[in-house]
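Please put together the full structure from these sequences, using the hints given.
Below are the chains, spelled out letter by letter.
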Amino acid sequence: MTSSGFPWLTALIVLPLLGAATVWALPRSQRRIVRHVALGFSIVELALAVGALLAFDTSASGTHQLSETHAWISSFGVSYAVGVDGLGLALVLLSVVLVPLVILAAWREQDGDLDRLRHYVALVLLLEVFMVAVFAARDVFLFYVLFEAMLIPVYFMIGVFGGVHRRYAAVKFLLFSLAGGLIMLVGVIALYLQGPGGPQGFLIDNLVGANIPVTTGRWLFAAFFIAFAIKAPMFPVHTWLPDAAENAPAGTSVLLVGVLDKVGTFGMLTLCLPLFPEASRWAAPAVIVLAVISILYGGLLAIGQKDLMRLIAYTSVSHFGVIVLGIFAFTSVSVAGSSFYMVNHGLSTGGLFLLAGYLVQRRGSQQIADFGGLQKVTPVLAGLFLTIGLSALSLPGMSTFVSEYLVLIGTYARHRPAAVVAVVVVILAALYILLTYQRIFTGPVRTGLETTPDLSTREKWAVAPLVAIMLVLGFYPAPALDLVREPAKVTLELISVQDVPAGAAQTASATEGSNK
Amino acid sequence: MTGSFTAPAIAWAQLTPVLLVLGAAVVGVLVEAFAPMRLRRPLQLTLSLLATAGALVAVAALWNGVRASGGTVVLGGSLIVDGPTLVLQGTIALLALLSILVMADRTETGEDAFSPQAAAVPGSDYEEVARRKGLSQTEVYPLVLFATGGMLIFPATGDLLTLFVALEVLSLPLYLLSGLARRRRLLSQEASMKYFLLGAFASAILLFGIALLYGFAGSIRYADIAAATHKVVGLDGLLLAGALMVLVGLLFKVGAVPFHAWTPDVYQGAPTPITGFMAACTKVAAFGALLRMVYVVLPDLKWDLAPALWAVAILTIVVGTVAGLLQTDIKRMLAYSSIAHAGFVLTGVIALNTQGVSSVLFYLLAYGAATVGAFGIVSLVRERSAVAVPVAVSVGAVGSRSEDIGEAADVATQGSVLGEATQVSQWAGLGRTHPVLAVTFTLFLLSFTGIPLTAGFTGKFAVFSAAVAGGATGLAIVGVLASAAAAFFYVRVIVLMFFTSPAGADADGAAAAGASGQPTTTVVTSEGFAVVAIAICAVLTVLLGVVPGPVLDLVTEAAKFIP
Numbered sequence: 004m005t006s007s008g009f010p011w012l013t014a015l016i017v018l019p020l021l022g023a024a025t026v027w028a029l030p031r032s033q034r035r036i037v038r039h040v041a042l043g044f045s046i047v048e049l050a051l052a053v054g055a056l057l058a059f060d061t062s063a064s065g066t067h068q069l070s071e072t073h074a075w076i077s078s079f080g081v082s083y084a085v086g087v088d089g090l091g092l093a094l095v096l097l098s099v100v101l102v103p104l105v106i107l108a109a110w111r112e113q114d115g116d117l118d119r120l121r122h123y124v125a126l127v128l129l130l131e132v133f134m135v136a137v138f139a140a141r142d143v144f145l146f147y148v149l150f151e152a153m154l155i156p157v158y159f160m161i162g163v164f165g166g167v168h169r170r171y172a173a174v175k176f177l178l179f180s181l182a183g184g185l186i187m188l189v190g191v192i193a194l195y196l197q198g199p200g201g202p203q204g205f206l207i208d209n210l211v212g213a214n215i216p217v218t219t220g221r222w223l224f225a226a227f228f229i230a231f232a233i234k235a236p237m238f239p240v241h242t243w244l245p246d247a248a249e250n251a252p253a254g255t256s257v258l259l260v261g262v263l264d265k266v267g268t269f270g271m272l273t274l275c276l277p278l279f280p281e282a283s284r285w286a287a288p289a290v291i292v293l294a295v296i297s298i299l300y301g302g303l304l305a306i307g308q309k310d311l312m313r314l315i316a317y318t319s320v321s322h323f324g325v326i327v328l329g330i331f332a333f334t335s336v337s338v339a340g341s342s343f344y345m346v347n348h349g350l351s352t353g354g355l356f357l358l359a360g361y362l363v364q365r366r367g368s369q370q371i372a373d374f375g376g377l378q379k380v381t382p383v384l385a386g387l388f389l390t391i392g393l394s395a396l397s398l399p400g401m402s403t404f405v406s407e408y409l410v411l412i413g414t415y416a417r418h419r420p421a422a423v424v425a426v427v428v429v430i431l432a433a434l435y436i437l438l439t440y441q442r443i444f445t446g447p448v449r450t451g452l453e454t455t456p457d458l459s460t461r462e463k464w465a466v467a468p469l470v471a472i473m474l475v476l477g478f479y480p481a482p483a484l485d486l487v488r489e490p491a492k493v494t495l496e497l498i499s500v501q502d503v504p505a506g507a508a509q510t511a512s513a514t515e516g517s518n519k
Numbered sequence: 003m004t005g006s007f008t009a010p011a012i013a014w015a016q017l018t019p020v021l022l023v024l025g026a027a028v029v030g031v032l033v034e035a036f037a038p039m040r041l042r043r044p045l046q047l048t049l050s051l052l053a054t055a056g057a058l059v060a061v062a063a064l065w066n067g068v069r070a071s072g073g074t075v076v077l078g079g080s081l082i083v084d085g086p087t088l089v090l091q092g093t094i095a096l097l098a099l100l101s102i103l104v105m106a107d108r109t110e111t112g113e114d115a116f117s118p119q120a121a122a123v124p125g126s127d128y129e130e131v132a133r134r135k136g137l138s139q140t141e142v143y144p145l146v147l148f149a150t151g152g153m154l155i156f157p158a159t160g161d162l163l164t165l166f167v168a169l170e171v172l173s174l175p176l177y178l179l180s181g182l183a184r185r186r187r188l189l190s191q192e193a194s195m196k197y198f199l200l201g202a203f204a205s206a207i208l209l210f211g212i213a214l215l216y217g218f219a220g221s222i223r224y225a226d227i228a229a230a231t232h233k234v235v236g237l238d239g240l241l242l243a244g245a246l247m248v249l250v251g252l253l254f255k256v257g258a259v260p261f262h263a264w265t266p267d268v269y270q271g272a273p274t275p276i277t278g279f280m281a282a283c284t285k286v287a288a289f290g291a292l293l294r295m296v297y298v299v300l301p302d303l304k305w306d307l308a309p310a311l312w313a314v315a316i317l318t319i320v321v322g323t324v325a326g327l328l329q330t331d332i333k334r335m336l337a338y339s340s341i342a343h344a345g346f347v348l349t350g351v352i353a354l355n356t357q358g359v360s361s362v363l364f365y366l367l368a369y370g371a372a373t374v375g376a377f378g379i380v381s382l383v384r385e386r387s388a389v390a391v392p393v394a395v396s397v398g399a400v401g402s403r404s405e406d407i408g409e410a411a412d413v414a415t416q417g418s419v420l421g422e423a424t425q426v427s428q429w430a431g432l433g434r435t436h437p438v439l440a441v442t443f444t445l446f447l448l449s450f451t452g453i454p455l456t457a458g459f460t461g462k463f464a465v466f467s468a469a470v471a472g473g474a475t476g477l478a479i480v481g482v483l484a485s486a487a488a489a490f491f492y493v494r495v496i497v498l499m500f501f502t503s504p505a506g507a508d509a510d511g512a513a514a515a516g517a518s519g520q521p522t523t524t525v526v527t528s529e530g531f532a533v534v535a536i537a538i539c540a541v542l543t544v545l546l547g548v549v550p551g552p553v554l555d556l557v558t559e560a561a562k563f564i565p
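Going down the list, the protein sequences come from chains E and L. So the first sequence is numbered by this note's numbering: it starts at 4 and just counts up by one. So the second sequence is numbered by this note's numbering: it starts at 3 and just counts up by one.
Think of the hints as simulated: they come from the structure by calculation, not from any bench. On a predicted model such as this, the values are computed, not experimentally measured, just so you know. A hint or two may mislead.
What the hints assert, rightly or not - Between beta-carbon pairs, the in silico distance windows are:
hint	chain 1	residue 1	chain 2	residue 2	range
1	E	His73	L	Ala243	50 to 56 Å
2	L	Gly67	E	Val47	50 to 56 Å
3	L	Glu130	E	Val17	58 to 64 Å
4	L	Val123	E	Pro30	51 to 57 Å
5	E	Tyr479	L	Val324	57 to 63 Å
6	E	Pro199	L	Asp306	31 to 37 Å
7	E	Leu497	L	Pro309	41 to 47 Å
Glycine included, each C-beta is placed from N, C-alpha and C at the ideal position.
Given below as structure tokens:
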């Protein structure tokens, strides 16, 4: 499985690292171009990712491609092994699409303090290194290292650049994640001892199918799952997310919720399920219950939020519930739907956070009650907010609809009650999105908001690509589904569950669904 | 009688590291006695650096021979030069070298960390005169070399008496060094006294244990005792009591709970560069001796000793972590952190497999590098006294004024640099004012926390996987949970440095604090020595985290004791 040809993934990992180093190394006199340099790096990275997509054989998206394997710490059995299947590639693409937008949106943040902004964009690029690498990691140890190390840039992004309670939020975020990660560490160590061992003993390919005793397997599953559930975040270990999102700068929230939290669900899908098939089947009922609780709880709490950022955070708790539900429903439709949902959620929530960031920047407040009537003053902002809001409530025509539909229909085939309860998510989402839109954008214009400027060209450009991608994938989801459908089937084979063909499995392309 | 004595053939070459350091220490004493005052410092410094560097080179030179032969017994069995010995000696020599660099730094203030006249009563006129004269003593260098020499012998000992002698050779200079702080002399002397009394007590227990083991086996040689554990029957009480007492003596040096009570006080009171030296090198040496004791002498007592060692390890981890959470003084915090780390290393010791040995060897290097670096940084963060001119002085002028006075080398206390700012709260905002220093300190803290891509993580992973492989999964779980809790107090310092404004608000705030009579926090410029040491520690911390492969292979290969 050693590499042949251009090392796409390594290049994707190294380039942002160079970018971060360059940004930090820029001499004082060149501070002015810091943003341009960072944006340049992120756009080249995007181009590189498109190159990787072209090099990727979509017809075999269930296998891991673009692979490279090198010995790293052979006495621990650790290799530097990267490779992506369709899902990994989709999430890598999501990450590299969001980063330039975040940099663009942060253009005037930090009150024009270019020195602080320099640190911020450098941290964003550093985070991009970890995001790309973690979705490409094919070695459990490497995955763990990246899983933990990526906390540090986020910790600083929240703690240094965040809002009023940034210290509390940053520490809470770090301690929750570290606690989860350390529990996983015990699992990682014990897993190695269960596997074949040797200098490549941590390669996922060598560990899959290891003959793990039932009890041990369940313990190991729990160690990994808790870490991922904290990361995702699921009820009842979600409490760090609202605080983090409330206090982090909008751009940080985009990456935190849009990409980083996906590492949790990605980990469930690519580590928990294939490595511990028996334990996954054993735990599935409990996980599904938790997922359904997350869906309802997150949705209900979102409706009650006064703070815009907290609201979006709770909507994510709800959406992550849907993703986890789809994963543990164990049908190829639901798993593919969840995979696609991960990408869509990143686009949709990313967009919401960016727009919320614009609003907060204009008003200097995150309280929804401080807004009102903005539709008349800032029609473009209002329109974009409504569009992206509708994607969050999975309006047909948006890519989110396709994925939510697939998850629900796939789940319905196996766990009818769970799917029925989970459908409530649609109503809850409509409530929290439309109520928020109503409070912020309709009604009489609040005093002090009459002269609010509408979006600048730069700000529009930071959001428009997201809307475009969601619309394109909403009407023509085939390319994305091609990437995720095969990996879903492979996963189901690995956990040796008989696939239940969903009633509408043949509509998996869902084009007709979106054209309703 | 004399006729029957045959002198053992001595493989002098195997002893080069020890001889170099102890020889340099003796020469250092002569320099102290005969060289003119202004020459002493350069001479002593060169001598110490050459000696430790030489020891490092000698270790490297011996390595190939040991790799081929597996090890040599020297001095008729008193010393054993094998893989673990060389790795530990190399680690000690390297860390001592770095510590000496930190000690040598006089910073921009022109003062080192040591008392100009240690014999003077604190606060007396005599002391004041010595200080005004700008006296500085160089006795620390030979003392440190003697201690280092003892540490080099400690993990290599092959019999119980040599063990005891090495223990005393390394301890006595440390007791003295702890009392040499230039500032907070009373605290320093208290630390010295406390360390001495408790250390003497621990030595006595060790000695008593030695006597019991001798009574059991009829020999003080490790090999003989190990053999006797199979053969001799009916004296299990002697063996067990003796073994436990020897372990207590060693665990005291390691700073394991419940023998840790001296650690926070001594770490706090001792001059900071000495604290770094003690925390890093003593721990390496003592764990080396402990490893040999547990793996070579007492492996057959595994089932008898395991409960005691488990209890000590768990207590050490838990007490170190929980007490660390409550500290407000950075040196005390690092002291409790070192206790917790001793517990983590113990989990590797208890694993009782070769993986355990190699993981402990690696952990000690990783921990030592971060420790010397962290204390090196602590020694640079100082208090600057408030201007004692009436508070009415215009606020804006204060900041610049105090600097002027400092630069004018006015030794009067006003506006001059004082001792270290050891209150954690005084570190607020350092990330804004001194980003490079704060980032480096953060790196060391992250390594202590065990964040991936730092040396601390690799070390933790190594000891925990050794523990799990050795059947001590419970210990690994305790260790992991404690790591999560301990993260809180490391992170707290990071929060203060980066997420808090310095002393209230920005520059104005600092000045205002100065005017209100509170000393402000400042970072003194190093002469260069400390910066070099800290930089090396930082590079080691990153390298051992990102590419630990070569070092791990080395310690794995070296992790074979010979009886």
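Do the hints match the structure? See the list:
1. Checked against the given bound of 50 to 56 Å, the beta carbons of histidine 73(E) and alanine 243(L), roughly 53 Å apart, stay inside it.
2. Evaluation of the 50 to 56 Å hint for glycine 67(L) and valine 47(E) yields a pass: the beta carbon distance comes to about 53 Å.
3. For glutamate 130(L) paired with valine 17(E), a C-beta distance near 60 Å keeps the hint of 58 to 64 Å intact.
4. At roughly 54 Å, the beta-carbon separation of valine 123(L) and proline 30(E) lies within the given 51 to 57 Å, and the hint holds.
5. The hinted window of 57 to 63 Å between tyrosine 479(E) and valine 324(L) holds, with their beta carbons roughly 58 Å apart.
6. Between proline 199(E) and aspartate 306(L), the C-beta spacing of about 35 Å keeps the proposed range 31 to 37 Å intact.
7. A beta carbon spacing of about 43 Å between leucine 497(E) and proline 309(L) agrees with the range 41 to 47 Å that was offered as a hint.
Comparing the model with each numbered hint stated earlier shows that all of them hold.
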